Amino acid sequence: MGEIKNIFNRYPEAGRDNLIPILQDIQTAEGHLSKESIVKVGSFLNMPSSKIFGVATFYNQFRFQPVGKYHVQVCRGTACHVLGSATVLQEIEKQLKVKAGDTTRDGLFSIEVVACIGACGLAPVISINGEFYAKVTSTSLAEIIETYKTTEEE
Amino acid sequence: MDFTINVNNKEFNAAQGETILEVLNRNGIKVPTLCHLKNSMPTGACRMCVVEDVNTGKLITSCSFPANPGMQIKTHSQRVVESRKTIIELLLSNHPDDCLYCVRNKNCELQDLSEEHHVRERRIRGRKNSEKLDLSSASIVRDPEKCVLCGRCVTVCEDVMGVACIDILNRGNKSVVGTSFNQGLNTSSCINCGQCIMVCPTGALTEKNHFAEIQDALNNPAKKVVIQYAPSISVSMAEELGMESGKDINGILNAALRKVGFDNVFDSSFSADLTIMEESAELVQRITEGGVLPMITSCCPGWVKYAEEFYSELIPNLSSCKSPQQMLGAIIKSYFAEKENLQPEEIYSVAIMPCTAKKFEAQREEMTQAGISDVDAVLTTRELTKFLKLYGIDMFNISPELTDSPMGFRSTAGKLFGASGGVMEAAIRTAHFSITGKELVNFQIPQIRGLEHRKEAKLKIGDLELGVVVVNGMANARELLDEIKNGRKDIHFVEVMACPGGCIGGGGQHIGTSEEELKARMKALYRIDENETLKVSHKNPEIIELYNNYLGKPLGHKSHSLLHTKYKKREVMI
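Chain order of the listed sequences is A and B.
For what it's worth, this note's numbering labels the leading residue of the first sequence as 1, then goes sequentially.
For what it's worth, this note's numbering labels the leading residue of the second sequence as 1001, then goes sequentially.
Hints should not be assumed to be uniformly reliable.
What the hints assert, rightly or not - Quick list of simulated restraints, FRET-style, between CB atoms:
id	chain 1	residue 1	chain 2	residue 2	range
1	B	1285	A	2	21 to 29 Å
2	B	1090	A	95	29 to 37 Å
3	A	58	B	1041	14 to 22 Å
4	B	1370	A	58	44 to 52 Å
5	A	16	B	1465	39 to 47 Å
6	B	1124	A	59	23 to 31 Å
7	A	16	B	1261	50 to 58 Å
8	B	1090	A	35	31 to 39 Å
9	A	132	B	1103	47 to 55 Å
Claimed, not checked - Which residues of chain B face chain A? A few of them, derived with a C-beta cut under 7 Å, are:
id	residue
10	1164
11	1173
12	1180
13	1181
14	1527
Claimed, not checked - Covered by chain B, per the in silico footprint, the following chain A stretches (three or more residues, Cβ under 8 Å):
id	region
15	26-40
16	45-54
Hint data in this document are derived by calculation from the structure and do not stem from the laboratory.
None of the values given here were measured: they were computed from a predicted structure.
Ideal placement from N, C-alpha and C gives every residue a C-beta, glycine not left out.
With these hints in hand, go ahead and build the complete structure from the sequences.
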């Protein structure tokens, strides 16, 4: 939490227009926006937390749960969409039993939807902690996730 | 008037800065609106109010577009009417089709608009909203499925009430109205005032209903079911019943409640008198013994919760008196129970209030004696009308009756509680008597009457100059509270009512109450005060009897345990 104070110190004459940069800084430092940090931003900027939450949920970039140990990014760009990334996302959500934006209870996996990761030739593509998986299918997805789970168990 | 604009081939005067809608309304042209709220910044969110600008060929929102010289407007061209109809059809495309079961059936703006625009078939089929009911609050139920995202609740909550516990969350077709982290309303800073319900065009926001419990109690022969009604109820029910605004239906109400089957009918104006006895004694004590000043009234449960959340440093300023509802509740389950030879748990105590926050107040832990709530259920004015209909009471063919005694007789001071400034006026009348030993020459205090948001006065009581301020609408109160926090010292006594106009404008009143109706209610209360002779609480014979037989004296031991309480800082997501 000391980190949040340092962030606030960077905005000596902060007003409502500094809200988004402050939220971005907090997310960079802590990985997500927690209730505590949103309340702190509220008292710093003299804004109700509901308004901050309203702004933050408007943008895709903010998340409200810590990312999992393995952060799954699902590309929903045009090329991936044409090749079925909607189904891919559905399948991942089904297999991990959490929705996009959420983190599994054991803290292992989190899902994020991204607009395009610039690997259209590999569509549909996902990336887990920066590692790309090309032309994924339901079966290959199950295998990929299983690999991470087994690594974890060992 | 600066210039004219042409509307439907007629010239209308318009002033600089006026919106097109204002010009239209002034000239009797009705344009449908949904998100529009008088006295608030227009949002242009719903686009119901579109009109055609002939010069540019564009459809513009009349609520937010300023009138300009030379403008040519068509308000009901084919294009305009069709686009309005499409908007309604789109709003209906994901709306639950359960009007028959909806609490706002026949009192719904979406229903009215759809009827006015001859929507006769479902042309557009969308996926139905599927959101969970939020039942977490003691006062307010949120049904996001019925929400049309007009945003009026959000505006009222922030601009009028200064609470801002809800906002529009997410984006595009995922948008919902919700609290921070979209949690239950009970974890938010919501003060339960119900002003959001008053502006909601659909059934997305309603009060929490307790009909079943009350009916169970009425059908239970082992329970004595008693009812009390707030000072403002008798003058604010008229609109609900289809009578002339401001009509006082006190006697009819007594008779109707007995017909429903309530064993005793009491008047909270009686306990308002009791509140005045305690509160004015507390004020005099604080002034003479150097207590924390200014003393701030604590009758309004919305304000009390607001203080607990936003101004906990001012909690010592809050009067320790319970509200009239809770005082009468406590007296019913102690004094009345003893008189009737009943155990407190054998009594079921109902209160009719103009307020949704009273539902929250009734279930507060502070408002219990030995684990038994002082008040068991609260009905709003709206709910009362429905309840009377349920029991087939014809309010137009009924002879007036008196309230039960004791605890039914009131002074007009108690009745004034219903309007902003009333608590103050009533307290001053009694405080004047206890300080100087003489009655006021002129009982009416015009400086603190009326619908203004803030009323200040310096009053002479003997040698003392008393600084008093009356505020209504929490956002207005906030300004005053900040002044007090920043060291303003010339005030002794403050009355805060959360809702605009006080209880007559409460969140449990008739939906769609206009400013004229509010004025009519206020006038009705002042008329009662003018016409009746018993104008001070301390001369109410039933109050005197209650102190002689049971309570002893104001601020005495018994009063203290039954009629006073303490509040503390409340931790919520602000």
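Tested hints:
1. Remark: the range hint 21 to 29 Å for residue 1285/B to residue 2/A is contradicted by a beta-carbon distance near 47 Å.
2. Taken as a hint, the range 29 to 37 Å holds for the pair residue 1090/B and residue 95/A, whose Cβ atoms sit roughly 36 Å apart.
3. At roughly 19 Å, the beta-carbon separation of residue 58/A and residue 1041/B lies within the given 14 to 22 Å, and the hint holds.
4. Roughly 50 Å separates the CB atoms of residue 1370/B and residue 58/A, a value that falls within the hinted 44 to 52 Å.
5. The hinted range of 39 to 47 Å is satisfied by residue 16/A and residue 1465/B, whose Cβ atoms lie roughly 42 Å apart.
6. Range check, residue 1124/B to residue 59/A: Cβ separation about 29 Å, and the 23 to 31 Å hint holds.
7. About 55 Å separates the C-beta atoms of residue 16/A and residue 1261/B, a value consistent with the hinted range of 50 to 58 Å.
8. Taken as a hint, the range 31 to 39 Å holds for the pair residue 1090/B and residue 35/A, whose Cβ atoms sit roughly 35 Å apart.
9. Taking 47 to 55 Å as the suggested C-beta distance range, the pair residue 132/A and residue 1103/B conforms, at roughly 53 Å.
10. With 7 Å as the threshold, the beta carbon of residue 1164/B comes within range of chain A, its nearest partner Cβ sitting at about 4 Å, so the hint holds.
11. Taking 7 Å as the C-beta cut-off, the interface hint given for residue 1173/B is violated, the closest approach to chain A being about 13 Å.
12. With a least beta-carbon distance of about 4 Å to chain A, the hint placing residue 1180/B at the interface is held under the 7 Å criterion.
13. The interface hint given for residue 1181/B is met, as the beta carbon of that residue sits about 6 Å from the closest beta carbon of chain A, less than 7 Å.
14. Here the hint on residue 1527/B is broken, as its CB sits about 41 Å from the closest CB of chain A, past 7 Å.
15. For the region 26-40 of chain A, the assignment as covered by chain B holds, since 3 residues bring a beta-carbon within under 8 Å of that chain's beta-carbons and 3 suffice.
16. Counting residues of the region 45-54 of chain A whose CB lies closer than 8 Å to any CB of chain B gives 7, which reaches the minimum of 3, so the coverage claim holds.
Violated hints for the displayed structure, listed by number in ascending order: 1, 11, 14.
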